[in-house]
Every structure is written in C-alpha cells, then in structure tokens.
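Q: Given next are the chains, with one letter for each unit.
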Amino acid sequence: MKKKHLKWIYIVLFLLIVCCGSLLIGSYHLSLDEILLLISGQSTDVMAQQVFYTLRMPRVLMGLLAGMALGVAGAVYQMIFSNPLASPDLTGVASGASLGAALAIVIGAGSAFEMIIGSFVMGLLALLFVILLVKMTGSQHATTYILAGIIISALADASIMIFKYISDPLGELAAIEFWIMGSLSAITLNHMLITFFSMMIPLVLLLLCHRQIVMLSLGDDNARYLGLNAQTFRIAVLLLTTWMVATIVAMTGVISFVGLIAPHIAYLILKKRTGSFLLISGCIGSLIILVGDMLARSLIPGAELPLSILTIFFSTPVFIFWMMKQRGRIQ
Amino acid sequence: MKPILEVKNMSICYERIVVDDVSLSLYQSEVVGLLGRNGCGKSTLLKGIMGGFPKCEGQVYVYEKDYFAMNTKTRAQYLSMLTQRFDIMEGIDAADMIEFGSYVYSSLWSYHSHQEKVYEIANAFHIQHLLHHEYTKLSEGQKQLVQLARLTMQNTPVLLLDEPDSALDFDNRHMIFQWIQEMIKHHQKTGLIVLHDPVVAFMYCDRILLMEQGRIINEIQPQKETCDEITLKMQSLYPHLIVKKDIETNQYYCLTK
Chain C
1338 MKKKHLKWIY IVLFLLIVCC GSLLIGSYHL SLDEILLLIS GQSTDVMAQQ VFYTLRMPRV
1398 LMGLLAGMAL GVAGAVYQMI FSNPLASPDL TGVASGASLG AALAIVIGAG SAFEMIIGSF
1458 VMGLLALLFV ILLVKMTGSQ HATTYILAGI IISALADASI MIFKYISDPL GELAAIEFWI
1518 MGSLSAITLN HMLITFFSMM IPLVLLLLCH RQIVMLSLGD DNARYLGLNA QTFRIAVLLL
1578 TTWMVATIVA MTGVISFVGL IAPHIAYLIL KKRTGSFLLI SGCIGSLIIL VGDMLARSLI
1638 PGAELPLSIL TIFFSTPVFI FWMMKQRGRI Q
Chain S
16 MKPILEVKNM SICYERIVVD DVSLSLYQSE VVGLLGRNGC GKSTLLKGIM GGFPKCEGQV
76 YVYEKDYFAM NTKTRAQYLS MLTQRFDIME GIDAADMIEF GSYVYSSLWS YHSHQEKVYE
136 IANAFHIQHL LHHEYTKLSE GQKQLVQLAR LTMQNTPVLL LDEPDSALDF DNRHMIFQWI
196 QEMIKHHQKT GLIVLHDPVV AFMYCDRILL MEQGRIINEI QPQKETCDEI TLKMQSLYPH
256 LIVKKDIETN QYYCLTK
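Chain order of the listed sequences is C and S.
Residue 1341 in our numbering is what sits at position 4 of the first sequence, and the numbering runs on without skipping anything.
Residue 172 in our numbering is what sits at position 157 of the second sequence, and the numbering runs on without skipping anything.
No lab work stands behind these hints, which were simulated from the structure alone.
Incorrect hints may have been included.
DMTMM-like, lysine to aspartate or glutamate: derived pairs with alpha carbons at most 20 Å apart [as the list claims (entries may be wrong)]:
id: 1; chain 1: S; residue 1: K70; chain 2: S; residue 2: D35
id: 2; chain 1: S; residue 1: K23; chain 2: S; residue 2: E234
id: 3; chain 1: S; residue 1: K17; chain 2: S; residue 2: D102
id: 4; chain 1: S; residue 1: K272; chain 2: S; residue 2: D212
id: 5; chain 1: S; residue 1: K70; chain 2: C; residue 2: D1557
id: 6; chain 1: S; residue 1: K260; chain 2: S; residue 2: E244
id: 7; chain 1: C; residue 1: K1609; chain 2: S; residue 2: D35
id: 8; chain 1: C; residue 1: K1662; chain 2: S; residue 2: E105
id: 9; chain 1: S; residue 1: K70; chain 2: C; residue 2: D1426
id: 10; chain 1: S; residue 1: K239; chain 2: S; residue 2: D221
id: 11; chain 1: C; residue 1: K1344; chain 2: S; residue 2: E244
id: 12; chain 1: S; residue 1: K152; chain 2: S; residue 2: D102
id: 13; chain 1: S; residue 1: K158; chain 2: C; residue 2: D1426
id: 14; chain 1: S; residue 1: K17; chain 2: S; residue 2: D212
id: 15; chain 1: S; residue 1: K23; chain 2: S; residue 2: D102
id: 16; chain 1: C; residue 1: K1609; chain 2: S; residue 2: E105
id: 17; chain 1: S; residue 1: K88; chain 2: C; residue 2: D1558
id: 18; chain 1: S; residue 1: K17; chain 2: S; residue 2: E30
id: 19; chain 1: S; residue 1: K200; chain 2: S; residue 2: D184
id: 20; chain 1: C; residue 1: K1608; chain 2: S; residue 2: D221
id: 21; chain 1: S; residue 1: K260; chain 2: S; residue 2: D221
id: 22; chain 1: C; residue 1: K1662; chain 2: S; residue 2: E149
id: 23; chain 1: C; residue 1: K1609; chain 2: S; residue 2: D102
id: 24; chain 1: S; residue 1: K70; chain 2: S; residue 2: E30
id: 25; chain 1: C; residue 1: K1608; chain 2: S; residue 2: E149
id: 26; chain 1: S; residue 1: K88; chain 2: C; residue 2: D1557
id: 27; chain 1: S; residue 1: K152; chain 2: S; residue 2: E105
id: 28; chain 1: C; residue 1: K1608; chain 2: S; residue 2: E105
id: 29; chain 1: S; residue 1: K158; chain 2: C; residue 2: D1558
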C-alpha cells in the first residue's frame, strides 16, 4: 500500500479513536459498551440517552465540524496569501464575529440565536469591509488583503474593548470573555445541524476548487498565465471561507490558532500542499479541537476551561518546531 | 501571410515610460528574438502582451482576435509565458507544476489526471527523476526545465519566453533551444524570446528585434543579412561588437573592438 494511503488511514483511525474518547469523557461518564448500545438504539438507560443524544454527541460532532472548517480555512488562507502565517483571523472574520456576539450580549439580545445571527452577520461584514478597503487602494496584491484584515481586526478588537469596559462585570463581561475564548459547552443538536447544513456548501466548493487555490499560491501573474482569474477567484474563495468560519465562530466563539496550526501539521505529515492537503488540514483541525475539548472538560473537576487556552498551548510547541525548521531560511 | 500575434502601439508607463509605442508581428513557425540591454523594457513588453498591465495603451491580436477582450482562460489557451521568476510556497512538486499547464483545458471543477502525459513530457526533458521533488528545492536550471515542461503541457500556439537559457549549463541550454526550435518549426508554433546573448540570437532566431529604452530600434534577419550589415545594426546597442560567421560550420561568433 502506498505511503500516502497509510498516512490517511492512520489519521482517520486516530480521529475515530479521539471521537470515541470524547464521547466517553465528561461529568457523566459513559462506558464504551454503553456508547455502542446507544448508537445501535438498544440502550434503555434514559439518563445515558439524554446525555448522549442532547449533549455529548452534538458536542463531538460540532468539534469535528469546527475543526474541519477551521483547518480547511487556515490551509486555504495560507495558500491564497502565499503566507504560512495567514489564518482566518487575518481577514477580520474572527474579530468581526466576536464583535457581533459582544454587541448582542451588551444590548441584551443575548439569546443563543441572537448571538449566532450577530456573529455571522458581523463576521461577513468584516470581510466586506476588507474587500472595500482593498478596492479603495487599487491594489489586489495579497499583502493588501492582509493589511486591510489587520486594520479591520484591530477596529473590531477596539470596539470589543469598549463593550467590555461598559458591560456589567458580574454578568455581561464574563459572558463576553468566555465567548471570546471559545467553547463547545453550549452546543445542542440544533446548533450542530445548523452548522452542518450551513458549512457544507462552502466546504465542498472549496475542496472541489483545491487545484485553483494552489494555483493562487503561485502569485497573481503566474496564476493568470495558467488561465486563472486570480482577483475574482480570490474574492470568491474568501467569501466561501469566511462564510464557513463565520458559521463556526457564531456557534462556538473564537477558537484560537486552529486555523493557523492545522495546515502546518498537515504539511509536516504530507510534505505537500496538493492532493489531500485541505482534507488532512481539516482532519487535523478536528483532532486539535476534540483533544482540546476533552482536556477542557476533564482537567478541572466540575469545571470547564475555555477551548482557546488548550489550543494555544498545543500550538506553541508546533510553532517552535516550525521556527526551528526555518533556521537559515528566514532572512 | 497573416500574423499569428500582432502587437499594435503598446505603451506601458509606471513612474517612467518603460515601453514606448511598440508594434510587432509574429508569424507561424517563426522564432523572434528580443535583444537589448538590461532595463530596456523587454520583460515588461512580454508581460504587457500577456495582459499584465490593464491600464497600458495598445492592442494585442491573436489570429486577428482581440486578445484583451478574451477571458483569462481563453487567453491562456493562446499565449503562454516562461517568466524569470516563479517564487512559490513549499509543498508543490515538479509533477504538480507541470500539470498546472493542463488547467486551461479543464472545466472549473473537473479533474482528470494527466499523470501519463506529465511523465511523457518529463522524459522528453530528462527530468523524470525530479517529478516528486519539492519544486522550491530544485536548482534554478532544474526549475527552468520544469517550467518548459509546463509550457509543453499548456500547448499554446504562441510562446513568450523570458530568458529561457538563464541559469542553464551548456548542455541544457543547447537542449532548450533545440526544444524551442522543434516546438516552433515542427509543431508550427510561434515564439518571442527575450535574450541577452547575441550569438544565441543569431543561431536560433529567424528575426531579431533590437530594443532600447522601450522602443524597437531595428530588426535583424540573420539568414538574409551579411555580417557587416548585422554589425552595423548592432552598433547602437553594442558599439564594440563585431559579428562574424565561420564559413565552415556556419556558426556566428562575436568579437570586441
């Protein structure tokens, strides 16, 4: 069997193992036998059914979806901007979505549905402002997008700081802080289903356009010589990716670094950015979030850590390893 | 005979005039060299022909069709270009790079593997051992060969080649120009090549356009002109150059005064 097929098998197997582990771990412990009974529909334990179907399974599936979306989005951003440090945060979508959620909390529209709508709309608006800024400069270069994204992110972050400053420290402030750090704790079956149907379209389209996305990484001129309208395609890809990321951020809050680190781990494994790179990035993203979520639920008994704390701690050693590999290359 | 590629009154200006009212015509099975000093606008002209400067003046016609009125994909089916630089991220191998040349013939989401064709083309360039090597880790000469293989895959009637022999050793340089001649003569394509070496230009080009400060100042037809006539025309660019031809081998060589 070819090496690359073996790598695929190992990753999928590991993902399945982590999914099973994630289903088992929690404040209400479920055994593997109980899980199998629940999946097959033969369980008679009402409490176990309640925990599994309304809490545990949507949470794990949401972790899978969120990781897939952020991992794929991160890989796409790194290629279309030809920058290994690009991530979904660069176009301001994460900050914009956070601003939407913070706004919903502060004005009292803090129900889950209102926060989701607020995050999604503000996340997309952030991207539209980035595109507008880029058009105003007249330069469609990748660096221009990154600079515009930094500006919009900074504005959104400053606005969030204002909301934090004026919010009630005993209620709203804690809600904003917790949301900004990301979590799967409030995920229900409805959330998971909305996310699934919302992100499937952009995800499938992005996977189908993988070759064109790789061509964008060659630079606008070279992509054009090969027959790809780089400017139009970049905007289309940004819209699809932002739609996907805004959906996730609206549901889970901001899960930091997954979109940045998953493509690097995928590249370390595959040594290529063509072929199955996007999918493997997505799988790695899912692994990071599921492992992070398991630790978030189990490290402190009776409490749950925000997800971003774990993902940032995972990402740091990977980044240090990547920096060490760049020795002599960075000038 | 009608020209395959026609450039009319092209002018490109950024901070200064780089290409100044250039017109040229290329015919089928013709190799045309573009010779000039560094900074005279040769590469900019090629990029302008490819549509790299949307605000430039002038028109480009391919088979009498307005090239700038075509969409990006159709343009890439008529003209392909070998650039001096192709800086990319890690993670793309030589086989992927060659296969990019087939994109112009595919629809947006269809993917047909062209692995056999990639191997066939790589064999012709003797680079089959490089196919699964990381492109960014190849030598400059190897990258050049991969790019030429990619051009073969793209299979356009007009080839624009910007210094195709740069970074190549003697053997590979000879192979490249043999490939260019085969493509153009046997496969009835048309080539516009930016060159620095006048001897190479005399050996391989049917016509040579001399460029200075953004303008085409003269044209040389090595097969139809004497060495003295060629030397005279080259004076404005290379005042110390004397062009000679070895009668026995029919090879050009240059002397300096």
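Q: Under the criterion that the straight-line Cα-Cα distance not exceed 20 Å, is the pair K1608/C, D221/S satisfied?
A: 45 Å, violated
Q: Compare the distance between the alpha carbons of K1608/C and E105/S with 20 Å, and conclude whether the hinted pair is satisfied.
A: 8 Å, holds
Q: Could you grab the alpha-carbon distance between K88/S and D1558/C and see if it respects the 20 Å cut-off?
A: 13 Å, holds
Q: Straight-line Cα separation of K1662/C and E105/S no greater than 20 Å?
A: 13 Å, holds
Q: If you draw a straight line from the CA of K17/S to the CA of D212/S, is it 20 Å or shorter?
A: This hinted pair is violated, its Cα atoms lying about 29 Å apart.
Q: Between K70/S and E30/S, is the straight-line Cα distance small enough, at 20 Å or below?
A: 13 Å, holds
Q: Taking only the CA atoms, is the gap from K1608/C to E149/S under or equal to 20 Å?
A: 9 Å, holds
Q: With a cut-off of 20 Å on the C-alpha distance, tell me whether K1662/C and E149/S pass.
A: 16 Å, holds
Q: When you check the alpha-carbon spacing of K272/S and D212/S, does it fall within 20 Å?
A: Measuring from Cα to Cα gives roughly 17 Å; hence the hint holds.
Q: Are K152/S and E105/S close enough, with their CA atoms no more than 20 Å apart?
A: Holds - the C-alpha atoms of E105/S and K152/S are around 8 Å apart, at most 20 Å.
Q: For the pair we were handed, K1609/C and D102/S, check the Cα-Cα distance against 20 Å.
A: 16 Å, holds
Q: Between K70/S and D35/S, is the straight-line Cα distance small enough, at 20 Å or below?
A: 14 Å, holds
Taken one by one, the earlier hints fail for this structure at numbers 3, 7, 9, 11, 13, 14, 15, 18, 19 and 20, listed in ascending order.
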